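Enquirer: What follows is each chain in one-letter form.
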Amino acid sequence: QQQVKQSPQSLIVQKGGIPIINCAYENTAFDYFPWYQQFPGKGPALLIAIRPDVSEKKEGRFTISFNKSAKQFSLHIMDSQPGDSATYFCAASKSFNNDMRFGAGTRLTVKP
Amino acid sequence: DAGITQSPRHKVTETGTPVTLRCHQTENHRYMYWYRQDPGHGLRLIHYSYGVKDTDKGEVSDGYSVSRSKTEDFLLTLESATSSQTSVYFCAISDIQGTNEKLFFGSGTQLSVL
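Going down the list, the protein sequences come from chains A and B.
Note that this note's numbering numbers the first sequence so that position 102 is 102, with each residue one more than the last.
Note that this note's numbering numbers the second sequence so that position 54 is 54, with each residue one more than the last.
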């Protein structure tokens with residue numbers, strides 16, 4: 001079964017909107033939660049990551065919100081741009097463990 | 001893509017034939033990984049390596065084998081390809097010892113098994 005559940009599958013927003021992508025995990029031993037961004041024909045690239053000792057992390061226009069008790073985390077993209085159109089994957093892993101589990105991905109389209 | 005080269009980029013093969021995918025890195029990173037990407041499943045770990053000749057299984061290792069005879073090369077072999085192995089395969093490397101944080105991915109190999 002998928003240990004990290006991601007929603008929605010696809011998302012369309014207008015330029016300047018704030019898309020939100022949600023993920024839920026099952027394994028309470030997970031302690032590292034990254035988001036990867038993937039453009040067509042390319043491999044995923046690390047966008048931002050969080051550990052459960054903080055509830056929020058911001059890097060530029062990208063913010064991760066983390067709710068440890070609910071076992072959920074989400075990605076917010078402020079002032080979204082057409083160049084943000086990509087597939088986004090959440091993931092989770094345990095430190096010093098090489099098996100990172102990915103969500104199914106969200107295809108984001110930002111319309112001009 | 002962080003000094004990672006995957007070859008071939010595209011391959012079409014027939015059921016039952018052996019297939020080998022190659023990943024070459026120029027970063028001298030210790031950890032190397034093979035993932036497959038399928039719609040609805042995201043990325044799933046097939047095998048990984050933590051050093052020359054040191055490998056271990058991932059979530060979906062059945063039907064796959066790997067080898068690493070040099071730090072820079074990590075090979076993925078499908079001994080007898082099946083249609084269920086049609087997928088996009090990504091190699092990744094990690095620069096943090098002992099973890100899979102900060103994975104750097106190659107550009108992928110699109111494999112079609114007919």
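Keep in mind that the hints were calculated from the coordinates and are not lab data.
Since this is a predicted model, take the numbers as computed values, not measurements.
Backbone N, C-alpha and C fix where the C-beta goes; we use that ideal spot for every residue, glycine too.
Hints may be right or wrong, so weigh each one.
As the list claims (entries may be wrong) - Below, a sample of chain B positions facing chain A; criterion: calculated Cβ distance under 7 Å: (1) P18; (2) G42; (3) Y48; (4) V52; (5) T55; (6) F105.
Claimed, not checked - Residues from chain A shown here face chain B by an in silico Cβ test under 7 Å; the list is partial: (7) F39; (8) K42; (9) G43; (10) L46; (11) A104.
Enquirer: If a hint holds in the structure, say so; if it does not, say that too.
Expert: Verification of the hints:
At its closest, the beta carbon of B/P18 sits 25 Å from a beta carbon of chain A; the interface hint therefore is violated under the 7 Å criterion. Using the Cβ-Cβ criterion of 7 Å, the hint placing B/G42 at the interface with chain A is satisfied: the shortest such distance is roughly 4 Å. Checking B/Y48 against chain A: minimum C-beta separation of about 5 Å stays under 7 Å; hint holds. Interface restraint check: B/V52 against chain A, minimum CB-CB distance 16 Å, threshold 7 Å, status violated.
Among the interface hints, the one on B/T55 is violated; its C-beta lies about 11 Å from the nearest C-beta in chain A, farther than the 7 Å criterion. Of the supplied interface hints, the one on B/F105 holds, with its beta-carbon coming within about 3 Å of a beta-carbon of chain A, less than 7 Å. Evaluation of the A/F39 hint against chain B yields a violated restraint, the C-beta minimum of about 10 Å exceeding 7 Å. Proximity of A/K42 to chain B holds as hinted, the smallest CB-CB distance being about 6 Å (cut-off 7 Å).
Given the 7 Å rule on beta carbons, the hint for A/G43 holds: about 3 Å separates it from the nearest Cβ of chain B. The restraint placing A/L46 at the interface with chain B holds, with a minimum CB-CB distance near 6 Å, inside the 7 Å limit. For A/A104, the shortest C-beta to C-beta distance to chain B is roughly 5 Å, which falls under 7 Å, so the interface hint holds.
This entry does not satisfy hints 1, 4, 5, 7, going by the numbered hints stated previously.
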